[in-house]
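*Asks:* Residue strings, one per chain:
There are 2 protein chains.
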Amino acid sequence: MSEHAHDAVEVITTKRDGASLSESQIDWVVDAYTRGAVADEQMAALAMAILLNGMERREISDWTAAMIASGERMDFSMLTRPTADKHSTGGVGDKITLPLAPLVAACGVAVPQLSGRGLGHTGGTLDKLESIPGWRADLTNAAMLAQLEDVGAVICAAGDGLAPADKKLYALRDVTGTVEAVPLIASSIMSKKIAEGTGALVLDVKVGAGAFMKDVDRARELAEVMVALGTDAGVRTVALLTDMETPLGRTAGNAIEVAESVEVLGGGGPADVVELTLALAREMLTAAGATDVDPADKLADGSAMDVWRRMIAAQGGDPDAELPVARESHVVTAEAAGVLTRLDAMAVGMAAWRLGAGRARKEDPVQAGAGVRWHVRPGEAVAAGDPLFTLLTDTPERFDRALAALDGGYEIAAPGSSYDPRPLVLDRIG
Amino acid sequence: MSEHAHDAVEVITTKRDGASLSESQIDWVVDAYTRGAVADEQMAALAMAILLNGMERREISDWTAAMIASGERMDFSMLTRPTADKHSTGGVGDKITLPLAPLVAACGVAVPQLSGRGLGHTGGTLDKLESIPGWRADLTNAAMLAQLEDVGAVICAAGDGLAPADKKLYALRDVTGTVEAVPLIASSIMSKKIAEGTGALVLDVKVGAGAFMKDVDRARELAEVMVALGTDAGVRTVALLTDMETPLGRTAGNAIEVAESVEVLGGGGPADVVELTLALAREMLTAAGATDVDPADKLADGSAMDVWRRMIAAQGGDPDAELPVARESHVVTAEAAGVLTRLDAMAVGMAAWRLGAGRARKEDPVQAGAGVRWHVRPGEAVAAGDPLFTLLTDTPERFDRALAALDGGYEIAAPGSSYDPRPLVLDRIG
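Taken in sequence, the protein lines are chains Z and H.
To convert, take the position in the first sequence, counting from 1, and add 8; that gives this note's numbering.
To convert, take the position in the second sequence, counting from 1, and add 8; that gives this note's numbering.
I should point out that these hints are in silico values taken from the structure, not numbers from a laboratory.
If you're wondering where the values come from, they're calculated on a predicted model, not measured in any experiment.
Incorrect hints may appear among the rest.
One copy or two, it doesn't matter: identical chains are merged, so the pair holds either way.
[To be verified] Only pairs whose alpha carbons sit at most 25 Å apart, straight line, appear in this in silico SDA-like list of lysine to any residue:
| id | residue 1 | residue 2 |
| --- | --- | --- |
| 1 | LYS176 | ASP39 |
| 2 | LYS370 | GLY44 |
| 3 | LYS176 | THR21 |
| 4 | LYS370 | GLY62 |
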């Protein structure tokens with residue numbers, strides 16, 4: 009080891025004792041961890057020290073830069089259109105990427121959307137799209153670029169070359185109780201988005217029962233850090249804090265969320281999904297400098313649907329194919345008349361997960377047809393015997409645990425009770 | 009995994025979020041880690057959370073019990089004499105175990121002293137004794153018992169069967185910046201001492217520049233926790249806080265510390281080594297219920313020396329053999345006349361380590377003859393040209409780095425300057 013290099017214990021104890029890590033310490037430890045010269049147990053101790061003692065902005069920025077430097081960077085500057093991407097911190101029923109990417113492309117801005125698979129109670133965009141017969145998530149960089157130029161939108165898996173340090177660190181955090189560290193969450197998200205090379209980025213930071221961030225102050229802190237990281241790296245970045253007390257739309261699953269997204273692209277669909285899709289589309293267009301188009305027109309005139317169909321077909325999918333349907337269903341009905349005053353996103357997300365829509369370990373398969381459909385949204389009235397939920401799965405032995413997850417996750421008040429809806433967009437940062 | 013078992017992330021996040029671990033969580037995680045079902049990176053994250061968020065007494069007690077339960081327990085109840093052991097948290101020039109064990113045995117109390125090898129700037133008792141030609145550190149439990157009954161004192165290596173969880177955890181803490189956690193230090197020391205089966209235990213908790221604990225409050229906290237753990241486990245336990253600003257005696261190394269110990273056993277030796285040996289001997293005798301003997305008499309009448317010679321011989325050593333001498337030496341002399349007012353234990357310890365008396369990794373060998381002899385102790389006067397230090401090594405290329413360690417580590421004030429000595433025993437707990 010040269011006189012100027014660092015060692016792992018020195019870096020760990022610096023953060024453990026509450027001091028700031030230097031740029032040189034951060035560059036060294038991220039690189040050494042990626043190479044395997046810093047062991048998993050050393051990075052785990054450092055991650056816990058970061059979680060408990062925090063990092064200042066400069067450290068988070070250096071950490072993000074070191075993670076970007078661990079891999080390749082993509083470059084979309086040869087495209088004839090500006091680019092904009094969106095990232096959601098994860099919610100229940102959050103299918104927004106599906107209508108959003110083709111909608112923004114229909115407005116003239118290219119959308120290079122690198123997505124992931126689901127883990128835990130929130131679904132993954134790629135899992136949803138993979139319920140479309142023939143559709144492939146894996147594209148070469150060249151194919152991705154060609155599709156962006158030709159179709160204007162691509163939703164695909166991130167290649168292994170992008171921020172490999174993050175990939176390794178994320179897997180470690182998952183098993184060491186260090187996921188919930190704002191500096192590590194922010195740098196994980198932003199290193200991939202900056203390395204991806206998008207010109208503009210809109211962050212959808214979810215807040216509430218079904219989100220990773222349960223309270224608005226921590227969500228705002230995360231949003232502010234990420235907006236600063238993006239801006240410093242030359243990416244026009246804005247964040248919306250949006251509600252995740254209640255799940256989005258009326259479905260949580262894979263194929264059933266695709267179907268709901270297609271309804272939105274067809275000019276229909278649940279009002280909240282339409283509202284959030286348009287709000288995020290307007291932010292992406294503004295950030296990309298395309299302020300002369302109203303995305304609502306592109307939903308109404310069918311051009312967003314046209315891009316969707318071309319986008320699905322370009323990745324081997326058949327946009328006209330029937331979507332998979334779960335083999336078994338179970339309906340939960342209302343015992344008495346009333347008004348639904350609460351629908352807990354976490355309860356719905358856990359139920360969908362337990363029905364087979366999500367996975368517990370990253371190597372598990374998901375069921376394309378599984379999930380939960382809720383027939384009533386908060387504020388809506390029901391009569392006794394009305395269906396509240398339809399549970400869908402290929403494996404009916406899962407119903408009991410899904411029902412247990414829903415138990416206590418909703419509330420029906422006396423008929424005529426008032427309901428004060430929470431706004432969908434809670435704040436805007438950037 | 010059964011419904012009643014725990015999982016690693018749950019245990020980690022409990023401590024991470026500042027709550028107390030239940031007895032069941034602690035039993036599970038220590039056992040699962042020992043078995044390999046909890047990974048090193050998970051235990052590293054937990055250790056960092058313990059270091060930063062602390063543990064209450066009940067948790068430390070449960071953690072210690074779980075580490076004891078991971079291995080065998082020894083039993084000395086068949087001995088005809090009471091037993092007492094001593095543990096030092098580690099200092100520079102700390103050869104006290106060498107004269108102390110035979111001295112206490114000469115007073116009628118058996119001393120089963122399981123010791124370790126040195127790592128870093130503090131020497132190891134076994135390294136020192138191994139400089140005696142023929143002496144062996146490894147004994148079977150049966151041989152140890154027989155020697156205790158016959159000679160009354162044994163200093164040997166702890167077997168692999170004692171608290172294996174601690175062995176594994178200690179190696180992990182060493183590379184993950186989690187050594188300095190009071191709950192983990194206390195449970196590491198006490199699990200081995202309680203499993204060892206001693207009836208009484210005296211802890212020598214070092215405080216100052218050359219010690220692990222730099223300030224007296226943290227040292228007192230550690231001492232109080234350890235005394236409580238021992239007492240709860242039925243071991244009569246007392247702790248002395250003793251000074252480690254200045255190294256003990258006039259030598260730091262291996263063979264040279266053995267020689268100094270033999271001087272003490274012969275009725276001579278440095279005053280501070282004699283004082284601390286007698287203070288610890290009196291505590292051990294009191295804790296073992298043998299209050300009718302004055303250990304000073306046993307130094308004066310040669311009976312402690314007799315036990316030393318039998319103890320060394322019983323483990324294959326020749327008490328009359330010449331001790332190894334370093335091949336090279338270098339003398340540092342005083343530039344001007346004056347009074348030594350400061351001698352930094354850490355500087356001396358680092359110099360001895362760099363000369364080859366200690367090791368950087370546990371698999372490294374040590375040099376039997378290497379070390380530092382200081383000719384002047386704080387408060388003593390020197391003339392210009394008087395020798396201050398003799399540096400000893402088999403490998404003279406080490407002199408430069410050893411001299412660099414000593415640089416700034418001592419202070420000579422104008423002739424006639426006053427020196428206010430710090431007391432050797434700072435406090436007593438228990």
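*Asks:* Can you give me the call for LYS176 and ASP39, within, between, both or neither, at a CA distance of at most 25 Å?
*Replies:* Intra 12 Å, inter 27 Å, cutoff 25 Å: intra-copy only.
*Asks:* At most 25 Å between C-alpha atoms: does LYS370 with GLY62 qualify within a copy, between copies, both, or neither?
*Replies:* neither (28 Å within a copy, 33 Å between copies)
*Asks:* Give the relationship of LYS370 and GLY44 under a CA distance limit of 25 Å: within one copy only, between copies only, both, or neither.
*Replies:* both (22 Å within a copy, 22 Å between copies)
*Asks:* Checking LYS176 and THR21: alpha-carbon separation at most 25 Å within a copy, between copies, both or neither?
*Replies:* both (22 Å within a copy, 20 Å between copies)
Hint violations for this structure: number 4 only, all remaining hints satisfied.
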